[in-house]
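Asks: Guided by the hints, dock chains B, C and D with the ligands onto chain A, whose structure is given.
Taken in order, these protein sequences are the chains called A, B, C and D.
Residue numbering for the first sequence follows this note's numbering, starting at 2 and increasing by one per position.
Residue numbering for the second sequence follows this note's numbering, starting at 2 and increasing by one per position.
Residue numbering for the third sequence follows this note's numbering, starting at 1020 and increasing by one per position.
Residue numbering for the fourth sequence follows this note's numbering, starting at 1020 and increasing by one per position.
The set of hints was computed from the structure by calculation and includes no laboratory data.
Hints may be right or wrong, so weigh each one.
Unchecked claim - Some chain A residues near chain D, calculated using beta-carbon distances under 10 angstroms:
id	residue
1	LEU31
2	THR102
3	TYR130
4	ALA137
Claimed, not checked - Some chain D residues judged to face chain C by a derived CB distance under 7 angstroms, without partners named:
id	residue
5	ALA1062
6	SER1079
7	LEU1144
8	GLY1365
Computed from a predicted model, the values in this text were never measured in an experiment.
C-beta: ideal position from N, C-alpha, C; glycine also.
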Amino acid sequence: MNDRLNTLEERASARRPLLMVALVAGDPHLDATLDYMGILAEAGVDVVELIVPFSEPAYHGAVLQRAMARAVNEHLDWAQIEEIAAEFRRSYPSVALVVSTYLNRLMVAPTGPILEGLQSAGVDALWIYDLPMEEAAEVDALSESAGLPLVRAVSATTSLERFREIARRAQAPIIWTGHSGGELTLTGQAFEERLRTFGEYTRRPIFASMGVTTGAEAQAVVQAADGVLVGSSVAWLLEGRGPDVKERLRRHVVELRARVDEVAGQG
Amino acid sequence: MNDRLNTLEERASARRPLLMVALVAGDPHLDATLDYMGILAEAGVDVVELIVPFSEPAYHGAVLQRAMARAVNEHLDWAQIEEIAAEFRRSYPSVALVVSTYLNRLMVAPTGPILEGLQSAGVDALWIYDLPMEEAAEVDALSESAGLPLVRAVSATTSLERFREIARRAQAPIIWTGHSGGELTLTGQAFEERLRTFGEYTRRPIFASMGVTTGAEAQAVVQAADGVLVGSSVAWLLEGRGPDVKERLRRHVVELRARVDEVAGQG
Amino acid sequence: MGSPACGAFGEFGGRFVAEALWSPLAEVAEVFEEALGDPSFAARVHGWAEQRLGRPTPLSHLGGLSEALGGAQIWLKREDLLSGGSFCGVVALTQALVAVRLGRTELVGETATGDFGVALGQVGLALGLKVRVFMTRDDMAAEPAAVRRMEEMGLALEPVEGPARGRRGAMAEALRYVACGPERAFYVTSSLASPDPYPRMVAFGAEIIGNECARQLRERGVSADYVVAPVGSGGFACGLFGAFVQEGSVPGVQLVGVQSGGDASPTKGAASLVRGRVGVHMGTRSFVLQDELGQVVTPLTDAAGMAMPVVGPQHARWMRTGQVQYVELADAEAYAAVRTLARSEGILACLESGYGLAYALRLAPTLPEDAHVVVGLSGDGSRDLGRLARARGEGASS
Amino acid sequence: MGSPACGAFGEFGGRFVAEALWSPLAEVAEVFEEALGDPSFAARVHGWAEQRLGRPTPLSHLGGLSEALGGAQIWLKREDLLSGGSFCGVVALTQALVAVRLGRTELVGETATGDFGVALGQVGLALGLKVRVFMTRDDMAAEPAAVRRMEEMGLALEPVEGPARGRRGAMAEALRYVACGPERAFYVTSSLASPDPYPRMVAFGAEIIGNECARQLRERGVSADYVVAPVGSGGFACGLFGAFVQEGSVPGVQLVGVQSGGDASPTKGAASLVRGRVGVHMGTRSFVLQDELGQVVTPLTDAAGMAMPVVGPQHARWMRTGQVQYVELADAEAYAAVRTLARSEGILACLESGYGLAYALRLAPTLPEDAHVVVGLSGDGSRDLGRLARARGEGASS
Ligand SMILES: Cc1ncc(COP(=O)(O)O)c(C=O)c1O
Ligand SMILES: Cc1ncc(COP(=O)(O)O)c(C=O)c1O
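Just chain A, with the same shape it has in the complex (with noise of 0.2 angstroms):
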């Protein structure tokens, strides 16, 4: 495990809340989300999430679905992803950068080489959506020999036996996957239980990704998860776009940030 993942770990286990955003590649072109990804490092994330587009992107909602329906027209290549993560960790070395994509995107070449040259940009994790535990026996290994730890995801669905397997496999955050796209899974008490079950049978930090729209959310979410991962309501942000869109970002996160912060140290 990298000194980055470490990090996360620490502070987790310190109780102070870690705050993952999800962007793009490519949306709406390759510099702008550098640039992006700079923001959001300057406005204090501890993860940022590098969505590498997909044309059917049967898991997301419909502000993420659209955001990859426009970055797909920039036709981004392994190349150029290697590239963007390179230069993010060139100007931020201490921020964890997890690269996320449906399988089918890393079955185009040898999939041991793709995940080789993420490692060596700098990418800390990959997220595979589409990817179980039970089909991954071939991509863990590839994982395991490139230095590329898989992020894995869990939802309310998962069993507290299949967690403690998923877990056990785990070198890297756990997702809790707690809307599909749309609506919540499990809401307020049951979810807290929930992560608090999970909770006690790894040390891996859980961010649980849960539709997040404004701070307040944000902080509710992280009273009962490690972390909490805000996606489509950035997403959503650069798709209004205009002048000040990077700004709005900024202020967008930053909020994020402050009202996650609010719950150091509790629980």
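Replies: Same frame as chain A, now just chains B, C and D with the ligands:
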């Protein structure tokens, strides 16, 4: 057989071509029909066919279908038909009168009295379009006791054997239905040969209904048949109406009569 | 006037046609009778019905709906499952095979909704015959999909002009065409109300349906207490009742023919057996909707297949003998019954079938749970979807 | 990357889904496997297929067309005769009975043409289940009759917004809905290209078709030399081939899957097995039409049922093993074949079936008269009438 029907037979034997013209009773109203019948009689027709309209004139072509559709709206009952027949008979004691209709119109009341009423009014024969010989047993009996003979139809599908049976029963003119509301079913030589053969087996005059519209066509028909029946060309003329319709009707029938008479004594 | 001489069903039936048609129809009758005596003919009919038309259709038990109604068990004979109305299929097939036997080369028929035209194409082309279909211009405009289908099959489609009179106008034209070339053209009809031998031939084809149903009931160990079917000109009902009507063969079954009462005002509707008088129309002596002068009345009903002013002579006889009971129900009740079936069992029946269904929905709750009511569904409701939506919009029956 | 772990067909198949769906699908797989071991389950499936869906469909020998082509005998497996596509019926039925076994109360599925939505309503309501159908707004606008039909059945119809992507978009929404309430909602699909256990379940239902066909051939004393079927996502073909593909069971039969080549330009069309590469899409590892970056390409073809960028994993395996031969034909050839069949035999097949037919029309004249070619007709062509008329107008193929 009454005198008027006898006269027709005598004329036929003397090779004097016969002319029958059909009118739809009540097209456009009953008084007009009586006027038109008078015009036919004055213009020298041998037989008037008075068509009692039926809502479903399955065996008539489009022109007579339209005429009947108009006449049906006049709601004529059998008493009115008798009246008009009686009126005609008073003015024209020697012109033969055939009433024709579809069977259903004779079934609204006991059929015997209807036939008797027509006979008393001076009708010479009754033609029921949809009553073939085999189904006519009961009507035959009623016709006999009412003294109102049935007109029998023959056609291109009538075999010689069948014709002989029809002829055996015939007490009134026979009608060759040579066109079925549209196309001729036999033309030229075939028609002539068939008519000649049939003629050898009956003394009743055979009128041919062949979709005749002009004097020339009528003349051609009576080269082979004892007489010609003209129907739709008259209904078509009346459909146009206008102020001079009676004069045009008169001229049409006078022309038919003249051309038909040119054939007298030939053949 | 009394009984017809040819093709009589008691005092009903007969061959009341113009002379030009007598001999062609007599020839058809003769060959049909001969075919009836030839076991290979029945085998051919049944072989084609199975291998080409997809028979038999199933008999479905409606467990859910029966339980919800809390009475008799409801069964459906599912002619709705075969596309285009399988009744048309068997009826066209039987006659087409008679045409082949007679050496005719062209089938000629009329169609109103287009279903029978399509069925003629299906069996005619398969048998190597030409097919000519007469259809009024109004009907053609109302059924563009059926017209396109016939065009794709390459059928000779004859638009009928003149006063729009649905099937009747087209039938007259088709018969007239046949009269002009009876040595090659063969008239085919789907109407039980037609001159002999057509009522016999239509029934012979349609009875396949009733025979299947009777066999299926036996296989399921069920004896029907009621068999209910819609009656327009009555071909489908005649076929379904055929297997049950013979005295003694299936004792104790009550047959019910349901006609359309239109908007329920007494002088409209299509209930020829309830409100008609004996007359002769479409070549047969039967019950005819007519005025006091003997003019035929055009029935007003939303169900295309029910709008017939005359009924097949078999039904006229069965009404006289009491072998079948005939009733009328209003259109609104038929709509409601179609909807009930769709929502409870996922089966979309045609509006025509709704009359029989509606009767069964009334009847079932009055009977014990071990009673069995069979309803004949004559076709699928795709064509009626627009009407159903409008009827719901008008709140006619929801 | 190599073989999937779950529901593998050689190196193809698998259950490539988001974590939220894993456990619900695993539970479905478990119950499905258990059902396969229970003879009463198969009996229920076959009973409902026969008594409710109207199976079997016939196998028709085309004597006239075969003779005209002057070669092999052509036979058609007639799924076109059952309304709405009987393939949808058996596939919905099998899954619905698994749902009942699992104690689920709501069927949830997606539909593109509407046929599968209607089939879900037919079997779901009959089984006392609620039914929810996801359909994109574009597809709803394109298929108003199917939408009305589902409305009449009272189904919960969910319009899917967002970038119009046909069945794929609707499928994503349906799966997402199920992930939110897996204890009551049961996902049902008609697509063979789907996560395990759906390819197995779809095949289990569809194989009824192939088993019938094999039995019907035996009964007619015929041994097929070729069995030809259209392949979109491949469910119908998989069902038809199922009975013939086992080595040894039917020796010497060549299976041919025909895909749409669209307008015949090489980068378009829907021939995933001819022009696709191995990938993971719609939850399964199979052949996917995609660009060099791994983005899925939307196929361009006139045939609604063929426009799938990914094919069921069974076909991927059969292509690898050589058990089935896969080819592509241009849309214009499919139109021409549909028209030839309509005009020669009076059978209107859907455009989708036209690809298989077109292959058979090419093949038959090259074979001797005692060879037998079976073509699977997957549905009726009513929906394609407009397209056929336009294609004729453009002189594409007449
Ligand atoms: C095979 C099968 N089983 C059962 C039923 C209905 O069963 P039940 O009467 O038990 O509701 C049907 C209805 O069509 C059926 O097809
Ligand atoms: C019963 C029956 N007989 C015959 C045929 C075709 O016969 P042949 O192959 O002799 O043309 C069919 C075709 O479907 C059929 O269903």
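Asks: Taking the numbered hints from earlier one at a time, note which ones the structure violates and give those numbers from smallest to largest.
Replies: 1 and 5
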